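Participant: The listed protein sequences derive, respectively, from chains A and B. Taking my numbering, the leading residue of the first sequence gets 1, the next gets one more, and so forth. Taking my numbering, the leading residue of the second sequence gets 160, the next gets one more, and so forth.
Rather than coming from a laboratory, the hints here were simulated on the basis of the structure. Zero decoy hints are in this set.
When the alpha-carbon atoms are kept at most 16 Å apart in a straight line, the in silico EDC-like pairs for lysine to aspartate or glutamate are as follows:
hint: 1; chain 1: B; residue 1: K216; chain 2: A; residue 2: E93
hint: 2; chain 1: B; residue 1: K387; chain 2: A; residue 2: D26
hint: 3; chain 1: B; residue 1: K306; chain 2: A; residue 2: E105
hint: 4; chain 1: B; residue 1: K179; chain 2: B; residue 2: D404
hint: 5; chain 1: B; residue 1: K306; chain 2: A; residue 2: D104
hint: 6; chain 1: B; residue 1: K348; chain 2: A; residue 2: E39
hint: 7; chain 1: B; residue 1: K291; chain 2: A; residue 2: E93
None of these values were measured; they are calculated from a predicted model.
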Amino acid sequence: MTQPPNGFDPNDPIGTWRAWRDASLDAWAKSLTAMVNTETFSQAIGAQLDALLAVSGPVQQAVQQYMERYLAQAQMPSRSEVVSLASRLTNIEFRLDDMQVQLDELTDLVRQLAAAGAPAPADVSVISDRLSAIEEQLASLANTRPAARTRKATTEDKE
Amino acid sequence: MTSADAAPIDFERMTEQLLKEIERTTKSSDMAARIATNRIKVAVGQTPKEQIWALNKMRLYHYYPQVPPEQRKAVPILLVFALINRPYIFDLRPGNSFVEFLLRHGYEVYLLDWGTPGPEDAHYNFEDFSLKFLPRAVRAMQRHSKKREFTMLGWCIGATIVTIYAAMRPDDGLRNLILLTAPIDFSDKEGSTFSRWLNTEYYNVDELVRQFGNVPSTIIEYGNKMLKPVENYIGTYLKLWDNLDNPAVVEAWLAMNTWVTDNVDFPGAAFRQWVVEFFRENRLMENKLMMEGRIVDLANIKANLLNVIADKDHIVPNCQSRSIMDRVSSKDKKLIELKGGHIGIMVGSGASKRAWPLMEAWLSERSN
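Isolated chain A, as found in the complex (with noise of 0.2 Å):
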């Protein structure tokens, strides 16, 4: 059949209407990303942001008010003290990762010697027995750190 003229055809209302609803739904798009680059709708965004923190901001100082009050009868620990020692954790972890590289650079130094037959190789075997040793306490340490409470779905999670 050829194709009618205006990519109107009377046969086909449904393609029709499709065409009509994509054709104004471009015009729409168009309108409208035109409309929010305007200086105009930057006001609108911050005033919408203003309105949100307007609200929020009472509502969230009330609610840590009186959790903080809850949490302390209940001889529980308050929201700031476990932000606190997550960051102290935190700090901990920088540590053990700053470690675990010394304890790699040394082992690697102690291979070295010992590859390149430096006095004393049944000295340098222990050394890197202990390293090695110390070496596993870190990451067993590092693995037994408990998961970040935070902690959204990951990738696997959704699998």
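Fit chain B to the known structure of chain A by using the hints.
Facilitator: Same frame as chain A, now just chain B:
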């Protein structure tokens, strides 16, 4: 339209068309119900990998090689994505995965996942991400791969982070730097919608960060979607509706939608710095961005540079990505402009035919 233009009314054909549409709708409504009730799960990030390093919320993954050792490239590649989305966009789904593509071409691929920041991470800024965390991940990768030289690919804000790293640590073994839709130069205040929104006194970034700590992902997602409201709030769902009878399209749509709606909070201090020091003051391009007590000077970048930009990028317009080419000291540098959008250039159906082969061809010559 005049009556002379109109095709003659054919009731039989009209009825056929209507019947066809009713059949399609009946078939589609089952699929729509399954999607609405969450009964269709789409697998993302499926390429086999191992976690080789972890620090705080960050994870560094190594993908298992897929070619024999003798066919592998000598220089490993580290993929770094933005702070506000999940990095599995690099490995969206089998058959549409940049990671898979690289592995098949013999690359040792590493992926850095920044993780989801907790309230205790709200004070981290770009200095932390670029110069405190990223170097540790690089160190772990170098140790694991037993290679000192490496390639780093940053996408979106991830590209800004790796650019800062490359400028501040030019002697750490970075051989090739690939920037994908990199927001670097914010001098054109009217060049992007984000610039318009964030450059005004109306946007109270300080109070936002003070109240929330980390900026909620819902706010970031709202901002991203409002750049193209009709496409993001209506068009994408209509596209799904029109293709509900096509399982391949539905699966691709669901995978993409999973990623688009799976956002993470923007660490508060980093967000504030992003708005004030990058968007408003353009410090990186103006040589005024200070980190570790030094100026982040783009002229320090010596690595081979491939800068990939997208011609229809409405999130990071080209004007924000181009000008770095004139500022780096790299002797080997190339700019590629591809057809597509901010994400589409790497994930769309054309990615495996255009963007990936182009990038791989460039990288291949510099990875042995």
